[in-house]
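K.L.:
Under the working numbering, the sequence shown has 226 at position 226, and the numbering climbs by one with no breaks.
Source of the hints: derived by calculation from the structure; they are not laboratory data.
Some hints could be false.
Unchecked claim - Here are the simulated lysine-lysine pairs, DSS-like style, with alpha carbons at most 30 Å apart:
1) K100 to K114
2) K249 to K46
3) K262 to K245
4) K122 to K147
5) K98 to K245
6) K249 to K114
7) K98 to K249
8) K133 to K98
9) K127 to K147
10) K133 to K114
11) K127 to K46
12) K147 to K114
13) K41 to K245
14) K217 to K75
15) K127 to K7
16) K122 to K46
Remember, it's a predicted structure, so these values are computed and weren't measured experimentally.
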Amino acid sequence: MNSTRRKLAIATWSSPREGNIYGKLVMDAGEAVAYVEHLRKTTGEKVTVGHIVGKAAAMAMKAAPGLNGRIVLGKYVPHETVDVTFLVALEDGRDLAKTKIPRADEKSVADIAKALAEGVGKLRGGKDADFEKSKGIVRALPSWLLKPILWTTGFLTGSLGVAAFGLEPFPFGSCIITNVGAFGVDEGYAPPTPFARVPVLILVGAVREQPAVVAGKIVPRPLVTITATVDHRFIDGAQLGQLAKVLRKGFEEPWTLDGLAKAPWATSDAPEAHATNGG
Numbered sequence: 001m002n003s004t005r006r007k008l009a010i011a012t013w014s015s016p017r018e019g020n021i022y023g024k025l026v027m028d029a030g031e032a033v034a035y036v037e038h039l040r041k042t043t044g045e046k047v048t049v050g051h052i053v054g055k056a057a058a059m060a061m062k063a064a065p066g067l068n069g070r071i072v073l074g075k076y077v078p079h080e081t082v083d084v085t086f087l088v089a090l091e092d093g094r095d096l097a098k099t100k101i102p103r104a105d106e107k108s109v110a111d112i113a114k115a116l117a118e119g120v121g122k123l124r125g126g127k128d129a130d131f132e133k134s135k136g137i138v139r140a141l142p143s144w145l146l147k148p149i150l151w152t153t154g155f156l157t158g159s160l161g162v163a164a165f166g167l168e169p170f171p172f173g174s175c176i177i178t179n180v181g182a183f184g185v186d187e188g189y190a191p192p193t194p195f196a197r198v199p200v201l202i203l204v205g206a207v208r209e210q211p212a213v214v215a216g217k218i219v220p221r222p223l224v225t226i227t228a229t230v231d232h233r234f235i236d237g238a239q240l241g242q243l244a245k246v247l248r249k250g251f252e253e254p255w256t257l258d259g260l261a262k263a264p265w266a267t268s269d270a271p272e273a274h275a276t277n278g279g
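Starting from the given sequences, assemble the full structure and let the hints guide the process.
P.N.:
See the structure below:
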């Protein structure tokens, strides 16, 4: 019997014809891991590198207004807010859901972690009414009928911003993030999801200790690979470079994402930065 995720996949994609840009960044995660440890100690939230990526992506979308929007009948229309969606694995990976973080650019990294944890808790506890309703519809319909319904639903909710089929307006926001590092995956690329109507999909790989060149010497450092799939209709390669610049700064100086001028440990010993498998 086909799972909900497989039925959605069959009903969503056909032969590739989209124009997409694929890119990746391999970054030193030392400062990000140190900031994660600092936030865990000071806020009590289970912050991860994935939450830092979420905040950095939101700031990048804010800095690139040509990305933070959707295409409606051949015309670009900007979103009023920067909303970031995280994909969530359910039932040991047999199913997939999402949690949207509204106004992610205005939230702290710890606030994003808290909001995501609350959303994941509702999904895994069967208390997300919208997801439970949509899941029932998906399971009941055959794939051949689901395909046009997904397209129509995506157009109404993702392009026009209409509440339809039990879904909220712009259900996937401006950007989708998947933390595959939590499953031990080092690198991957997300396929475009037509019904989501989102121009950017980001995958966060696992943080691994690897050889890196620092001050002309090869030393072990915690590195992470972040990949992006971007709709070419929104930006070109040069603009994607600007997006990468914001993401890189967010990793090199993660405290700036929370509006801090310097690292919280700048006047004391920095927390020990070490590699982890959960990005």
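K.L.:
Does each hint hold? Answer for all of them.
P.N.:
Here is what the structure says about each hint:
{"no.": "1", "hint": "K100 to K114", "result": "12 Å, holds"}
{"no.": "2", "hint": "K249 to K46", "result": "22 Å, holds"}
{"no.": "3", "hint": "K262 to K245", "result": "19 Å, holds"}
{"no.": "4", "hint": "K122 to K147", "result": "27 Å, holds"}
{"no.": "5", "hint": "K98 to K245", "result": "27 Å, holds"}
{"no.": "6", "hint": "K249 to K114", "result": "23 Å, holds"}
{"no.": "7", "hint": "K98 to K249", "result": "27 Å, holds"}
{"no.": "8", "hint": "K133 to K98", "result": "14 Å, holds"}
{"no.": "9", "hint": "K127 to K147", "result": "26 Å, holds"}
{"no.": "10", "hint": "K133 to K114", "result": "24 Å, holds"}
{"no.": "11", "hint": "K127 to K46", "result": "21 Å, holds"}
{"no.": "12", "hint": "K147 to K114", "result": "34 Å, violated"}
{"no.": "13", "hint": "K41 to K245", "result": "29 Å, holds"}
{"no.": "14", "hint": "K217 to K75", "result": "50 Å, violated"}
{"no.": "15", "hint": "K127 to K7", "result": "23 Å, holds"}
{"no.": "16", "hint": "K122 to K46", "result": "17 Å, holds"}
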